[in-house]
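Once you've looked at the hints, dock chain B against the given chain A.
Letter by letter, the chains look like this.
Number of protein chains: 2
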Amino acid sequence: MAISQLSPPQRFLFGPGPSQVDPRVYAAMAKPIVGHLDPYFFQINMEAREVLKRLYGTANDFTLAISATGSGGMETCIANFVEPGSKFVVFTSGYFADRMAEMGHRQGATVVRFDKAWGEAYTDAEAREFILRERPQVVGFVHAETSTGIHQRPSAICAAAREVGALVIADCVTSLGAMPIELDKNGIDIAYSCSQKGLSCPPGLSPITVSPRAMEWLKSRTSQAATWYFDLKLLAEYFDGAHRYHHTAPISMFYALREALSTIEDEGIAQRFERHRINHLAFVAAMDAMGLEMNVANAADRLWTLNTVKVPAGVDDLKVRQYLMAKYGIEIGGGFGPLAGKIFRIGLMGVLSTEPDVLFLLPALEEALRENGYAAPAGAGVAAARAMYASLVGVSV
Amino acid sequence: MAISQLSPPQRFLFGPGPSQVDPRVYAAMAKPIVGHLDPYFFQINMEAREVLKRLYGTANDFTLAISATGSGGMETCIANFVEPGSKFVVFTSGYFADRMAEMGHRQGATVVRFDKAWGEAYTDAEAREFILRERPQVVGFVHAETSTGIHQRPSAICAAAREVGALVIADCVTSLGAMPIELDKNGIDIAYSCSQKGLSCPPGLSPITVSPRAMEWLKSRTSQAATWYFDLKLLAEYFDGAHRYHHTAPISMFYALREALSTIEDEGIAQRFERHRINHLAFVAAMDAMGLEMNVANAADRLWTLNTVKVPAGVDDLKVRQYLMAKYGIEIGGGFGPLAGKIFRIGLMGVLSTEPDVLFLLPALEEALRENGYAAPAGAGVAAARAMYASLVGVSV
Chain A
61 MAISQLSPPQ RFLFGPGPSQ VDPRVYAAMA KPIVGHLDPY FFQINMEARE
111 VLKRLYGTAN DFTLAISATG SGGMETCIAN FVEPGSKFVV FTSGYFADRM
161 AEMGHRQGAT VVRFDKAWGE AYTDAEAREF ILRERPQVVG FVHAETSTGI
211 HQRPSAICAA AREVGALVIA DCVTSLGAMP IELDKNGIDI AYSCSQKGLS
261 CPPGLSPITV SPRAMEWLKS RTSQAATWYF DLKLLAEYFD GAHRYHHTAP
311 ISMFYALREA LSTIEDEGIA QRFERHRINH LAFVAAMDAM GLEMNVANAA
361 DRLWTLNTVK VPAGVDDLKV RQYLMAKYGI EIGGGFGPLA GKIFRIGLMG
411 VLSTEPDVLF LLPALEEALR ENGYAAPAGA GVAAARAMYA SLVGVSV
Chain B
61 MAISQLSPPQ RFLFGPGPSQ VDPRVYAAMA KPIVGHLDPY FFQINMEARE
111 VLKRLYGTAN DFTLAISATG SGGMETCIAN FVEPGSKFVV FTSGYFADRM
161 AEMGHRQGAT VVRFDKAWGE AYTDAEAREF ILRERPQVVG FVHAETSTGI
211 HQRPSAICAA AREVGALVIA DCVTSLGAMP IELDKNGIDI AYSCSQKGLS
261 CPPGLSPITV SPRAMEWLKS RTSQAATWYF DLKLLAEYFD GAHRYHHTAP
311 ISMFYALREA LSTIEDEGIA QRFERHRINH LAFVAAMDAM GLEMNVANAA
361 DRLWTLNTVK VPAGVDDLKV RQYLMAKYGI EIGGGFGPLA GKIFRIGLMG
411 VLSTEPDVLF LLPALEEALR ENGYAAPAGA GVAAARAMYA SLVGVSV
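Protein sequence lines, in the order shown, are assigned to chains A and B. Numbering-wise (this note's numbering), the first sequence opens with residue 61 and increments by one. Numbering-wise (this note's numbering), the second sequence opens with residue 61 and increments by one.
Worth flagging that the hints you see were computed from the coordinates, not collected in a lab. One thing to keep in mind: the hints can contain errors.
To be verified - Below, computed lysine-lysine pairings styled on DSSO-like, alpha-carbon distance capped at 30 Å:
#1 A/Lys402 to A/Lys379
#2 A/Lys113 to A/Lys91
#3 A/Lys293 to A/Lys113
#4 A/Lys91 to B/Lys387
#5 A/Lys402 to A/Lys370
#6 A/Lys387 to A/Lys402
#7 A/Lys370 to A/Lys387
#8 A/Lys387 to B/Lys91
#9 A/Lys293 to B/Lys113
#10 B/Lys147 to A/Lys293
#11 A/Lys176 to A/Lys387
#12 B/Lys379 to A/Lys91
#13 A/Lys402 to B/Lys293
#14 B/Lys91 to A/Lys91
#15 B/Lys293 to A/Lys293
#16 B/Lys176 to A/Lys293
#17 A/Lys176 to B/Lys293
#18 B/Lys91 to A/Lys379
#19 A/Lys293 to A/Lys279
#20 A/Lys379 to A/Lys293
#21 B/Lys293 to B/Lys113
#22 A/Lys245 to A/Lys279
#23 A/Lys147 to B/Lys293
To be verified - Between beta-carbon pairs, the in silico distance windows are:
#24 A/Lys379 to B/Gly301: 34 to 44 Å
#25 B/Gly397 to A/Ser215: 47 to 57 Å
#26 B/Asp326 to A/Pro437: 54 to 64 Å
As the list claims (entries may be wrong) - Coverage of chain A stretches by chain B, computed from C-beta distances (three or more under 8 Å per stretch; other residues unrestricted):
#27 67 to 74
#28 153 to 163
#29 224 to 231
#30 281 to 294
All C-beta atoms in this analysis are idealised placements derived from N, C-alpha and C, irrespective of residue type, glycine included.
Same shape as in the complex, but just chain A (with noise of 0.2 Å):
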């Protein structure tokens, strides 16, 4: 019985992720595959290991993409580092901290949540304080947070983990290839994150970096770590050295993966890193100029990738993406949890985070809004990001 032909809708990946695919990507992906213990595998994909590393701002040579979704990146760092019976402090103010602290649980640990309102960063003194308390094994916290739109600044955590002996892991899930990270600057021993977002490839890998410190630790460590698919000492023997059988490396993706890394390097990794920050800018802009407030509060502590706006009073927010998606294809996210219903997730990442996305999103935008009860000035948005963009001009975008 034939099935119907595949003929996916044209969307405008405007939402948290996955992002919008770069076309050289989806070509990569059409190449012909090779065996996944060929030379040329690995080959290219110690190229694309060389770039990774660049981005995440580290001379880790364990930096690699893990075969899974970033969520699995999440849990090898966790399964690998957080030991049964050892101390897991987690700084647990949006969805994927709670979500490291599961899974540490998971691991038999005794996690210690540093709970704050979701969409608050934590101050230098207190996470320092915290820590220096509670004198963990690990600690953990996301540096772009997804569910809120927070950058956490890593350099207090880290330095505090550091003081107590505790190895550091950072979930970099939203910054990756968008904004800096200054993994071995800031002192995080292990991060993770994925392919799409900040980097616009599909989904389905997990590029994550181990500082040797902590593989040091990991090769000390006598417990047996549960997982077998994300055991990170099985994974350094096929990555690396005699390259011996462990799983069937999923070639097309690690692929598109190298592609979108070589599209970040032919555009410059710090131009790449400013043209996010650049749309960021003029997005906030225009979210002011139409009467919308940002949930992050402090301007210092805002993603340049994900960007959060408070829902208007009134305005039903699924009504407001549904009318996007309908009329233009456009998909930006909604909150969840306790900010459920108070906000907007939007997105500006990687090939989308350009003056020509942003100008197209904001009327659109404007006339979600307005068709759901929320009239801001008419072309404000637009005006302001224009504004914004020319304030701005002489800056590489």
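Just chain B now, kept in the frame of chain A:
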């Protein structure tokens, strides 16, 4: 710094996997992605799930692809159904069965191995006797053992397991899409496979299936699985029902899998199985004519997908494989573990299980052996294969 252009060499993947990819599948991966909560994604995934049910030979509603490779599917099944402290019997006559045992051990189960030499199937009587004596909670076996070429009959194992109230997990990585599994008829509760091999899709997803009986057991399981990424209770809420966000599914891989399944529906499932059987028979006839011995003595125990052939005395298997790769871009596999250096593993799967492909492979193999010390009668392999094809005329291939 620009990195080199992606231009993979053309390979003919006659190894144990990954298998050659159907061109239609490459085209599908180049189509634009939609979001992981987009109704279009669930719609096309549901169509794919229906085909997977037919390939497995099951009415199980819970038949779907896990967002990881086949090894991740194995971990999904073991981590969900093999509880800490439970007794897990594994029929360990090959590498992948060994791995099931290893994963069961990591879940904290008491693993009881039924060891036999790699490459031996289990008789109905001995399988039954072992299970009735051990009375485990879970039984694991490999339907299609990629390391040895063994096809294990499931019926006696499943009947005995049912008698003692045990769930049965089957590894169908090298059978799905190319050989009958008859899951429901045989009484298998849980099975996993991969997106490559018999499906001719790139690696990256793992189609699994779970019987209603096993789902009931899972719902009543009180201990929490250590894995979050592979937690089937969470995955059930994402793929079915409320479509509650779990992870960001690798959309392009799902497009690929669905297209591969669409090509299978176009061919016809029964026809596809028969095609694999016929090409396997022709290949075996050729080996015989070339004076080569199959590793699996009993013809009924042989996989149609993966042919294991003994390396002739005095021949270095690695040199043969390197010769084929260097001269023809042909990948075949060697043995490992106790079979290292002793067998070739030659896959005839999916799009490469055709008469032209077999007749392309055989002279190359003859030449590679001759150049490395083993002279088969010139042209005997091709002649025998042709004769076998002729004798099977009238059977649709």
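Status of the hints after comparison with the structure:
At roughly 13 Å between alpha-carbon atoms, A/Lys402 and A/Lys379 fall within 30 Å of each other, so this suggested pair holds. At most 30 Å may separate the alpha-carbon atoms for a hinted pair to count; A/Lys113 and A/Lys91 meet this at roughly 25 Å. A distance of roughly 20 Å separates the Cα atoms of A/Lys293 and A/Lys113; the hinted pair therefore holds under the 30 Å criterion. Distance hint between A/Lys91 and B/Lys387 is fulfilled; the C-alpha atoms sit about 21 Å from each other, no more than 30 Å.
Only pairs whose Cα atoms come within 30 Å are accepted, and A/Lys402 paired with A/Lys370 is accepted, the gap being roughly 6 Å. A distance of roughly 23 Å separates the Cα atoms of A/Lys387 and A/Lys402; the hinted pair therefore holds under the 30 Å criterion. Between A/Lys370 and A/Lys387, the direct Cα distance comes to roughly 22 Å. Compliance with the 30 Å bound is thereby established for this hinted pair. A distance of roughly 21 Å separates the Cα atoms of A/Lys387 and B/Lys91; the hinted pair therefore holds under the 30 Å criterion.
Restraint check: the Cα-Cα separation between A/Lys293 and B/Lys113 comes to about 36 Å, which exceeds 30 Å; the hinted pair is violated. At roughly 27 Å between alpha-carbon atoms, B/Lys147 and A/Lys293 fall within 30 Å of each other, so this suggested pair holds. A distance of roughly 38 Å separates the Cα atoms of A/Lys176 and A/Lys387; the hinted pair therefore is violated under the 30 Å criterion. Among the hinted pairs, B/Lys379 with A/Lys91 is consistent with the structure: their alpha-carbon atoms are about 28 Å apart, no more than 30 Å.
A distance of roughly 28 Å separates the Cα atoms of A/Lys402 and B/Lys293; the hinted pair therefore holds under the 30 Å criterion. For the suggested pair B/Lys91 and A/Lys91, the alpha carbons sit about 14 Å apart, so the restraint of at most 30 Å is met. Pair hint B/Lys293 plus A/Lys293 holds up; C-alpha atoms about 28 Å apart against a cutoff of 30 Å. With a C-alpha separation of about 28 Å, the suggested pair B/Lys176 and A/Lys293 falls inside the 30 Å cut-off, and the hint holds.
For the hint linking A/Lys176 to B/Lys293, the alpha-carbon distance of about 28 Å falls within 30 Å, and the restraint holds. The straight-line distance between the Cα atoms of B/Lys91 and A/Lys379 is roughly 28 Å, inside the 30 Å bound, and the hint therefore holds. The suggested pairing of A/Lys293 with A/Lys279 holds, with an alpha-carbon distance near 8 Å, which does not exceed 30 Å. A C-alpha spacing of about 48 Å is found between A/Lys379 and A/Lys293, which places the hinted pair above 30 Å, so the restraint is violated.
Restraint check for B/Lys293 and B/Lys113: the C-alpha separation of about 20 Å stays at or below 30 Å, so the hint holds. For the hint pairing A/Lys245 with A/Lys279, the CA-to-CA distance comes to about 24 Å; that is within 30 Å, so the pair holds. Taken as a hint, the A/Lys147 and B/Lys293 pair is honoured in the structure, with Cα atoms around 27 Å apart against an allowance of 30 Å. With their beta carbons about 23 Å apart, A/Lys379 and B/Gly301 fall outside the hinted range of 34 to 44 Å.
Checking the proposed 47 to 57 Å range against B/Gly397 and A/Ser215 shows it holds: the Cβ atoms sit about 48 Å from each other. Roughly 55 Å separates the CB atoms of B/Asp326 and A/Pro437, a value that falls within the hinted 54 to 64 Å. Counting residues of the region 67 to 74 of chain A whose beta carbon lies closer than 8 Å to any beta carbon of chain B gives 6, which reaches the threshold of three, so the coverage claim holds. Figure legend: the region 153 to 163 of chain A, annotated as covered by chain B; annotation consistent (3 residues with Cβ-Cβ distances under 8 Å, at least 3 required).
For the region 224 to 231 of chain A, the stated coverage by chain B is violated: 0 residues have a C-beta nearer than 8 Å to a C-beta of that chain, whereas at least 3 were required. For a cut-off of 8 Å, the count of residues in the region 281 to 294 of chain A with a CB near a CB of chain B stands at 7, and the three-residue condition holds.
Of the numbered hints stated above, those contradicted by the structure are hints 9, 11, 20, 24 and 29, listed in ascending order.
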